[in-house]
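S.K.: Protein chains in written order, with the working numbering: chain P, 43 to 392; chain F, 79 to 385; chain H, 49 to 302.
These aren't lab readings, by the way, just hints derived from the structure by calculation. For glycine and all other residues, C-beta sits at the position ideal for the given N, C-alpha and C. Mixed in with the good hints there might be a few duds.
Some residues of chain F that are not near chain P, with every Cβ distance over 10 Å (derived) [unchecked claim]:
#	residue
1	Ala179
2	Thr223
3	Ile336
Here's a subset of chain H near chain P, in silico, CB distances under 8 Å, partners left out [claimed, not checked]:
#	residue
4	Gly64
5	Ala125
6	Arg131
7	Ala158
8	Arg261
9	Thr292
10	Ile294
If you want the footprint, here are the derived chain H segments under chain P, 3+ residues with CB under 8 Å [unchecked claim]:
#	stretch
11	136-150
12	160-166
Each chain is listed here by its residues.
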Amino acid sequence: MPNALRKPWVGIALIAAVLVVAPLAVGASLGNAWVRVLDFAALYVMLALGLNIVVGFAGLLDLGYIAFYAVGAYLYALLCSPHFGIHWPVWAVLPLGALVAGIFGVLLGAPTLRLRGDYLAIVTLGFGEIIRIFLNNLNTPVNITNGPQGIARIDPITLFGQPLSRPLEFLGVGFSGVMLYYYLFVVLALGIVFVGIRLQDSRIGRAWVAIREDEVAAKACGINTRNVKLLAFAMGASFGGISGGLFAGFQEFVSPESFSLLESVMVLCMVVLGGMGHIPGVILGGLLLTVLPEIFRQGAGPLQQALFGTVVLDPEALRMLLFGLALIAVMLYRPAGLWPEPRHRSEYKQ
Amino acid sequence: MDILLQQIVNGLTLGSIYALVALGYTMVYGILGLINFAHGEVVMVGALSSLTVIRPLAASGLPGPVVMLIGLAFAALVCMALGFSIERVAYRPLRNAPRLAPLITAIGVSIVLQQLAMLIWGRSYHSVPELLPNDPHDFFGASITEVQIVIIVVAAATMAGLMLLVNRTRLGRAMRATAENPAIAGLMGVDANRVISMTFVIGSALAALAGVLISANYGIAHYHMGFILGLKAFTAAVLGGIGNLAGAMVGGILLGIIEALGAGYIGDLTGGVLGSSYQDVFAFFVLIVVLIFRPSGLMGEKVAERA
Amino acid sequence: MTVLLEARRVSKHFGGVQALKDVSLSINAGEIYGLIGPNGAGKTTFFNVLTGLYRRDGGEVVFGGTPLRLSSPHQVAQAGIARTFQNIRLFANMTALENVMVGRHLRTRAGVIGAVVRGRGTRAEEAAIRTRAQQLLHYVGIGDSANRVARHLSYGDQRRLEIARALATDPKLLALDEPAAGMNATETAALKTLIEGLRADGLTVLLIEHDVRLVMGLCDRVAVLDYGEKIAEDIPANVQQDPTVIGAYLGGAA
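Looking at chain P on its own, in the form it has when it is part of the complex (with noise of 0.2 Å):
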C-alpha cells in the first residue's frame, strides 16, 4: 500500500468526503426515496451505538431498547405538535427526551440489573411491550397518546431558523429536505461515536467490560457493579431517547406500530451481528441491516416477475425469513459477528 494511504488522517479525510457526497451522489442517481433510506440508516446506527453500550461494552442483555425510543419519540410529538397545541424547540425537547429516556433506564434497570442474562432479556422484553401497550392504549379517558392512529402533523426539526424538511440553496448545490436530516444525523452520529470510544477506553468502559467478563471478580475489585450497571443502562437509554425525538421530527408522524418487539430485535442484531461491542462492527451492523433489507423489499417484487412473471412470494415474509435465517447462520458460523474485535475473534472459535 503507497506510504500515503497508510496514515490515519488519510482515511479519516475519505470517509469525511465520502459522508459528504453520499447524500447527492445518492440523491442525483437514486432518487430522494434513496438518501431517506441514508437517513434511516444513520437514525439506527445511533441506536445501534446507544444499544452497543448496553449490550456490548457492559454485556447486559435488552430485548426492550425500542421503549426509549418510543419515549423519546412520543416526548418530541407531544411537545413539538398540534396534538396539545405546544410547539417547543427542538433543543429543548432533544435533550429532554434523553433524560426522559434515561429516567425510564433508571426505573427499569434498577430493580432488575442483578437478574441473570436471559431472565433480564425477557424482562426487558416485557418492558417493551408494555410501554407499546400503554402508548396504544393512553387515549381513554384522556387522550394522551392517541392511541393506535398516532400522533401526526409533527413539527419538522428546525435550525437557526430552517426546519429540514424544506429544501435549502447552499454554495451553489440545493439540498433537498432528506439531505439536510442527513447531514444533522451523520453529525449527531459521529458524536455518539466519539462519545463511545472515550467510554469504552476510560475507567467506566473498563469496569463494564469487567462486569461482562466476570462479575463476581469485579464487585471484589471494589466495582459497585449495580451502579455500573445501571450507568450503561442510562446511558443507553438516553441515547434511545435522543434518537427517538429525532425520528418523530424527521418523520413528522408517530404510532405505536413503530415501537414493537420486531424493532428491537432488529436493533440488537445491528449489535450483535455487526460485532459486538466494537463500535466499527456495529456502525457495519447498522448499516447493512437497514440497507440490505431496503434493497431486498425494492427488488424481490421485480425480480420475481421477471423470473416467474408474477410475485410468488410476499417479499415482506421474504425479507423477515431471509432476516431470520441470516441471524440463526450468523450464529451458528460467526457467534462474535461479521466485524468483531480483534480478540474475542479467538474466543469464539469452535
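Given the coordinates of chain P, work out where chains F and H should sit on it, guided by the hints.
M.R.: Using the frame of chain P, we list chains F and H on its own:
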C-alpha cells in the same frame, strides 16, 4: 359472585393451555438452561397444521371429535419433527457457546417459523370449524361450555401422563438425571443428546395439543398467535419455578386465573381508567414482579451463588 | 501487636447444613495468618462470608476497629480487604495490564463526563492508573506480560496476575484462597518469597492453603477449621502438635 366464578372458569381453561405450553419451556430450560424462544411458534404451527387437516375432513361427515383427533395426530407429528429439527440444527451446535448465541438463534428460529407460517397459511385469521358442541352448561351460576370442559380435562390428563413418564419410566429418570448433571448422567450411561432430543419432542407434542385446544377455544388460528402465548406461558413457567414441572402446571393455571380475574375486574379496580385491552400487560407485570422478588418462582429452589 | 481483623462467632448455614458455627478468630496487623482444615471444613465459606459474597447468619466482623456491617463485596473491598479466588477469576479477554487497571477502580474517580471530556485531571488519573498497574505487574514478577491477554498467560502467571490485581485496590488485608494450588515446588517457593515480601511491605495476609509445608513455613499463626468450627488457633509449631488437629486433619505429615 357469578362473575367471579365465571372468570375462574375462564381462567382455568386458559390456564390449562398455558400450563401445557409452559411445560415445554420448563423442560428445555431445566435440561439446557436455554429459553426456547421458538416454542410459542411451535404451538402456532400445531394449530395451523391441524387446521389444514381438519378443514377438509370437517365437511366429510365424520364425527367432530374424530376429526379433531386426526387433526391433533397430524399436528403432533408435524410439531415433533419440527421440535426435533430445531434442536438439532439451531441449538445443538451452540451447546458450548456463550449464552447470548443460543438466545439470538432462538429468536431467529422464531422469526423464521412465523414467516414460513405466513407464507404457507397467509396473513388472514383462519376460522376453526366447530367440532365439539359449544353449548354452555350451568355450573353453579357460571356457564361452562363443552369445549372448555374438554380443554381442562384433556390438559389435566396429559399432564398426569407426563408426570408418570417423568417419574416412573426409564426415560423420565434419564431426563431428570440429565437435567441435574449431564456429565454424571453420561457416566451412568445416559445418552444426553438423545435425552435432549426427546425433551424437545415431548415438549413439541404438548405444544401441538395446546395449539389444537386453543384454536378450538377461540375459534381462530393465526400466524402471529404464538408470540404472546409463548411469552405468557414462559411467564407461567417462571412463576411456578423454571425447571420444575409441577411448578409449570401450577404457574400456568395460576396465570390463567390471574389474567381472567384481572381482565374482568380491571375496570372496577382502576375506576374505569384502564380497560380490558390492558389484559396482556398482566402477564408481563406478573413476570417482572416474580423475577424481581422471587426469581426461583413458587416451587423452585433457591440457588446460592458460589465463589 | 494490633488486631486488624476480628471475627466473632461468625455463623453461616445453607438450608440444613451448618457451614460455619461460631467461628471466632483474630488476625494481627502485619502477620501472615493461615486458615487450614480438611476439605469441606468451611474455609472458602469463611472467605466468602468475610468478603461479602455470602450473607452471614450470625456473629460479627470487626476490621480496623470498625464493624463490617452486612456488606456487599465492593464495600468490603473499599474497606480494605482484597481477595483472590480458588479457581482464578481473571477478566480473561483483557490484557494483564488492563486487569490490574480495573483493580484501581475503587481508588479513582473519573466518571462518564471525565471519560468523554478527558480533561487534564482525568488524563493525569489515567496515567497514574497505568503506571501503578505496571509497577504492580513488575512487583509480582510478570512485568513483561503486560500486554498479553490474560487467558494466554501460564497458570502460575495468572495466579500472580490475580494477586497484582488484588494489590491494586490498596488493601490492608489480602485474602488469598489457595494461591499455591496446582503449583510445583519451584513455583511454590517463588510464591512464598512473594508473600513474605508483602508482609515486609506492611501488608497483612490471610491465606487458605492445603500445602502444609508452605503453611508451616510461611505463616505466623494458623487457625484450623473442621466441620465449620474452629478447633485450634496458634503458632504453626503448636498447631502441628495439637492432638485435636492431628485427629481431624494433619495426621503427622511434614
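S.K.: Can we trust that F:Ile336 is non-interface, i.e. its beta-carbon lies farther than 10 Å from all of chain P?
M.R.: Check passes; 15 Å lies beyond 10 Å.
S.K.: Please confirm whether F:Ala179 is truly not at the interface, meaning its C-beta sits more than 10 Å away from all C-beta atoms of chain P.
M.R.: violated, 5 Å
S.K.: Quick check on the hint: H:Arg261 CB to chain P CB, less than 8 Å?
M.R.: With a minimum Cβ separation of about 28 Å from chain P (threshold 8 Å), the hint on H:Arg261 is violated.
S.K.: Quick check on the hint: H:Ala125 CB to chain P CB, less than 8 Å?
M.R.: holds, 4 Å
S.K.: Are H:Thr292 and chain P close enough, Cβ to Cβ, to be under 8 Å, as the hint says?
M.R.: violated, 33 Å
S.K.: Please verify that hint: H:Ala158, Cβ, nearest Cβ of chain P, below 8 Å or not.
M.R.: holds, 5 Å
S.K.: Take the shortest C-beta to C-beta distance between H:Ile294 and chain P; is it under 8 Å?
M.R.: violated, 34 Å
S.K.: Please check whether the beta-carbon of F:Thr223 is more than 10 Å away from every beta-carbon in chain P.
M.R.: Holds: least Cβ distance 29 Å, greater than 10 Å.
S.K.: Do at least three Cβ atoms from the stretch 160-166 of chain H come closer than 8 Å to Cβ atoms of chain P?
M.R.: holds (count 5)
S.K.: Does the nearest C-beta of chain P fall within a distance shorter than 8 Å of the C-beta of H:Arg131?
M.R.: Cβ of H:Arg131 sits 6 Å from chain P, so the hint holds.
S.K.: Measuring from the C-beta of H:Gly64 to each C-beta in chain P, is the shortest one below 8 Å?
M.R.: violated, 25 Å
S.K.: Between the stretch 136-150 of chain H and chain P, see if three or more residues pass the 8 Å beta-carbon test, and mark the coverage as holds or violated.
M.R.: Coverage by chain P holds for the stretch 136-150 of chain H (9 residues, Cβ < 8 Å).
Hint check: violations occur at hints 1, 4, 8, 9 and 10; the rest are consistent with the structure.
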